[in-house]
Amino acid sequence: MSATKGPRQGGPPGPAVGEKVGRLELEKAWLVDPVSDRQGPGDIVVTGGVIESVVWLEGDEAAGVTDRGVVVAPGFFDLHAHFREPGFEDAETVASGSAAAAHGGYTTVAVMPNTQPALDDPGVLARIRAAARASGSPVEVLAFGAVSAGRAGEQLSAMGELADAGVIGYSDDGSPVKTSKLLRSALLYAGMLGLPVVDHAEDAELTSGAEAHEGYVASVMGLAGWPVAAEVNAVSRDLAVLADALRDEPRSRLHLTHISTAGALDLVRRAKAAGLPVTCDVTPHHLALTDEWIAGARRWSWEALAADGTPRDPWADAVLSGWPYNTSLRVNPPLGTATDAAACLAALLDGTADAVATDHAPHTVVDKEVEFGRAANGISGIETALGVLLALVDAGKLPLARAVAALTTGPASVLAAALGTAALPAARARGLTEGAPANLVVFDRGDTWKVTPEALLSKGKNSPLLGRQLPGRVLLTISAGRLAYEDPEAGDE
Amino acid sequence: MTTAAPATGTLTATGAKPGAWHHRHLIDVDVLTWSEIELIMRTTDEMKGILARPIRKVPALNGRRVTTLFYEASTRTRVSFETAARNLSADVVSIATATSSVTKGESLVDTIRTLEALGAEILVMRHGISGAPYLAAEVFGGHVLNGGDGWHAHPTQALLDLYTMREKLPGGDLRGRKVAIVGDILHSRVARSNIWSLTAAGADLWLCGPATLLRGMDRWATAWSGGAVPGHGRFNVTTDIETALRDADVVMGLRIQRERMQAGLLPSMREYAARFQLNAKRLSLAKPEAIVMHPGPMNEGVEIAPDVAISGRSVITDQVANGVAVRMALLYLLAGAHEAAVGEPAR
Numbered sequence: 001m002s003a004t005k006g007p008r009q010g011g012p013p014g015p016a017v018g019e020k021v022g023r024l025e026l027e028k029a030w031l032v033d034p035v036s037d038r039q040g041p042g043d044i045v046v047t048g049g050v051i052e053s054v055v056w057l058e059g060d061e062a063a064g065v066t067d068r069g070v071v072v073a074p075g076f077f078d079l080h081a082h083f084r085e086p087g088f089e090d091a092e093t094v095a096s097g098s099a100a101a102a103h104g105g106y107t108t109v110a111v112m113p114n115t116q117p118a119l120d121d122p123g124v125l126a127r128i129r130a131a132a133r134a135s136g137s138p139v140e141v142l143a144f145g146a147v148s149a150g151r152a153g154e155q156l157s158a159m160g161e162l163a164d165a166g167v168i169g170y171s172d173d174g175s176p177v178k179t180s181k182l183l184r185s186a187l188l189y190a191g192m193l194g195l196p197v198v199d200h201a202e203d204a205e206l207t208s209g210a211e212a213h214e215g216y217v218a219s220v221m222g223l224a225g226w227p228v229a230a231e232v233n234a235v236s237r238d239l240a241v242l243a244d245a246l247r248d249e250p251r252s253r254l255h256l257t258h259i260s261t262a263g264a265l266d267l268v269r270r271a272k273a274a275g276l277p278v279t280c281d282v283t284p285h286h287l288a289l290t291d292e293w294i295a296g297a298r299r300w301s302w303e304a305l306a307a308d309g310t311p312r313d314p315w316a317d318a319v320l321s322g323w324p325y326n327t328s329l330r331v332n333p334p335l336g337t338a339t340d341a342a343a344c345l346a347a348l349l350d351g352t353a354d355a356v357a358t359d360h361a362p363h364t365v366v367d368k369e370v371e372f373g374r375a376a377n378g379i380s381g382i383e384t385a386l387g388v389l390l391a392l393v394d395a396g397k398l399p400l401a402r403a404v405a406a407l408t409t410g411p412a413s414v415l416a417a418a419l420g421t422a423a424l425p426a427a428r429a430r431g432l433t434e435g436a437p438a439n440l441v442v443f444d445r446g447d448t449w450k451v452t453p454e455a456l457l458s459k460g461k462n463s464p465l466l467g468r469q470l471p472g473r474v475l476l477t478i479s480a481g482r483l484a485y486e487d488p489e490a491g492d493e
Numbered sequence: 494m495t496t497a498a499p500a501t502g503t504l505t506a507t508g509a510k511p512g513a514w515h516h517r518h519l520i521d522v523d524v525l526t527w528s529e530i531e532l533i534m535r536t537t538d539e540m541k542g543i544l545a546r547p548i549r550k551v552p553a554l555n556g557r558r559v560t561t562l563f564y565e566a567s568t569r570t571r572v573s574f575e576t577a578a579r580n581l582s583a584d585v586v587s588i589a590t591a592t593s594s595v596t597k598g599e600s601l602v603d604t605i606r607t608l609e610a611l612g613a614e615i616l617v618m619r620h621g622i623s624g625a626p627y628l629a630a631e632v633f634g635g636h637v638l639n640g641g642d643g644w645h646a647h648p649t650q651a652l653l654d655l656y657t658m659r660e661k662l663p664g665g666d667l668r669g670r671k672v673a674i675v676g677d678i679l680h681s682r683v684a685r686s687n688i689w690s691l692t693a694a695g696a697d698l699w700l701c702g703p704a705t706l707l708r709g710m711d712r713w714a715t716a717w718s719g720g721a722v723p724g725h726g727r728f729n730v731t732t733d734i735e736t737a738l739r740d741a742d743v744v745m746g747l748r749i750q751r752e753r754m755q756a757g758l759l760p761s762m763r764e765y766a767a768r769f770q771l772n773a774k775r776l777s778l779a780k781p782e783a784i785v786m787h788p789g790p791m792n793e794g795v796e797i798a799p800d801v802a803i804s805g806r807s808v809i810t811d812q813v814a815n816g817v818a819v820r821m822a823l824l825y826l827l828a829g830a831h832e833a834a835v836g837e838p839a840r
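Those protein sequences? They're chains H and U, same order as listed. First residue of the first sequence? That's 1 in our numbering, and the numbers climb one at a time after it. First residue of the second sequence? That's 494 in our numbering, and the numbers climb one at a time after it.
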């Protein structure tokens, strides 16, 4: 078979979702292996759910194989998603979220604990695991426990019991860790347990009532401004508290999620240079979208950037083609300017940002088909992350290998300590390594797909990219040797 | 001698051509070209002619259904719209949200769909959240006319302001005329819509208020300082009341709300009045023939001195009267656009 058409063209009927992949041969594909830091033409064979062979091709054998066709990479790892179960099953379930993740090329997803009840004791984790098993999906669902009981920001959650049960860290995501004092306790206690604290960095006093990034667009649109200082303040606090905690507990680790502003990224950059054990992620939407989308612009962030690094003016450019105040664009932290997006990209390129995480936040129509100022925060993004990053790659802004690393080894490295435990074998397999369980995504960079409510497997249709063609059609996702997703059109030709 | 309105037929006497109007909705003045604004002004002239007749009623919208949906308390704007609609012989349904199922938790979208099912054709809407009329327009099959949304837009106010300025200023032209808008700019939909219309008219626009109530506006002014947006000139933002008022042709005060003190944006009403109130002494900085405007409702003694509000320079009651004419013009244009706009992009 030729790898430039469907991965299993003409072969016998393959396994169903959840079944072990008996035999898969991918020939003359473009392989990207972030573990060995190698990419190029190659053949890969999976037998019995295990990567049997990886052959890198050279010379005539490699002729015509480029990184613009079928690409094989390790399955992606999302550090930050909301599967809404238990409590908000109308918006998403572990089953629908896992299906969506696999459609996006993800084989491991870390879900946040802002469920109802909050994931603040092992019972809730057991429910999530049971739902994952019942879903039949092989996508590995990891979980963060809450920092505080009930995410109320007062007492510590059952951190030790949660660690014993297998959480990979702690977060009060959806909200920041409420007080500096609580954060200090959490860093110390989590450090003792060898797990990171993940903070949603927001000074909630400054953002009370805020609707959109404070700036030109919000001013014109009459939206309450969300000051940049809200994130910078919070990151500054977090780093100061981390430095303090480290004096008592050198194993304390801080991860800052969905960092979106140049000022906060600079603080992280300096903290890393000073040797603080801090990591951070950026989201696809903060890399690619900007606040001008709220006014109706639909160009990528890099197309909205003037040569001097300032944002272009969507009114002056007459690019307002979309309906204004689309609530799919209401997200926390808010979409910034093209300058902020460029800062996120620069951070990803220089390693200040360790990973791309989706902050996949599905919501029901009831919570989104309302006035902008009443809409729930969040973007359903786990299925569009790859396409958005490939748009950056296509534009020459991001090397393909860096994009893949940001989706695989980057997130794994953030949780390196947690993932080192024997309880999490699959998550450790992040390379195209012979003899390892197959965690793979196969996508066609040369093919596009249209983002529609029907195409999205997530229950959350709250994507600002609806109606848009995205590059990089996922053909096949294999998690722990089992089929997680197969493009329904692949193999039919 | 004036004559009564014709008993039948459309508003043929206006000379306005509805065919030149292409907007299905009017949510803000930002989408209007200058020639469209002039069409509204000319149509308003004709409506004023009707209002000068002994019988202020024409059958132009006979049988058409206008619904006013007000989510915020408003007497003058709602009455102005309803008077305008009745002057055009439209059937008017008035919905105040305190007495509707909205208080039972019905969503805006459900309310709009219900009103459409009940036959609403033109929806005049006032809402406290910026952008709400766009949501309404997305689901409504008829026409949405924005009666004010959040901090975002109040297009009929801006157009009646523009009409009043043209009426009162010698020559009827705003090009080069200095207009100062003073007060709570940050929270003002009136100020925002006026930025679009007055920069299109070529006015020398100054926005003035305490720094806490101007937040973010300097970024807008900076973005436009190079004249980059086609059809719109630059404007200025200042906290210095004297700079704003000096040699002004038009001075407009905006309402200051007590909530701003509770939100920590103002020390006190007294202090605001001491520094920013439009009083006779400050107005002496403006041109002798300068007019004074206010969109209402006024806090006399806070943002405007009582003697200024009723002085010979005040055109505040003219604004109210012109408001009816402007709203008649817009209802007329929107209703006439109905046929032409089918199948066109909704915006």
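Simulated from the structure, these hints should not be mistaken for laboratory data. Honestly, I wouldn't trust all of these hints.
What the hints assert, rightly or not - One-sided excerpt, in silico: chain H residues whose CB lies under 8 Å from chain U: (1) Gly215; (2) Ser219; (3) Met221; (4) Leu223; (5) Trp302; (6) Glu303; (7) Leu305; (8) Gly309; (9) Ala316.
Note that this is a predicted model, so its numbers are computed, not measured. Heads up, the beta-carbon is just placed ideally off N, CA and C, and yes, glycines get one too.
Quick rundown of the hints versus the structure:
no., hint, in the structure
1, Gly215, "holds (5 Å)"
2, Ser219, "holds (4 Å)"
3, Met221, "holds (6 Å)"
4, Leu223, "holds (6 Å)"
5, Trp302, "violated (19 Å)"
6, Glu303, "violated (17 Å)"
7, Leu305, "violated (15 Å)"
8, Gly309, "violated (15 Å)"
9, Ala316, "holds (4 Å)"
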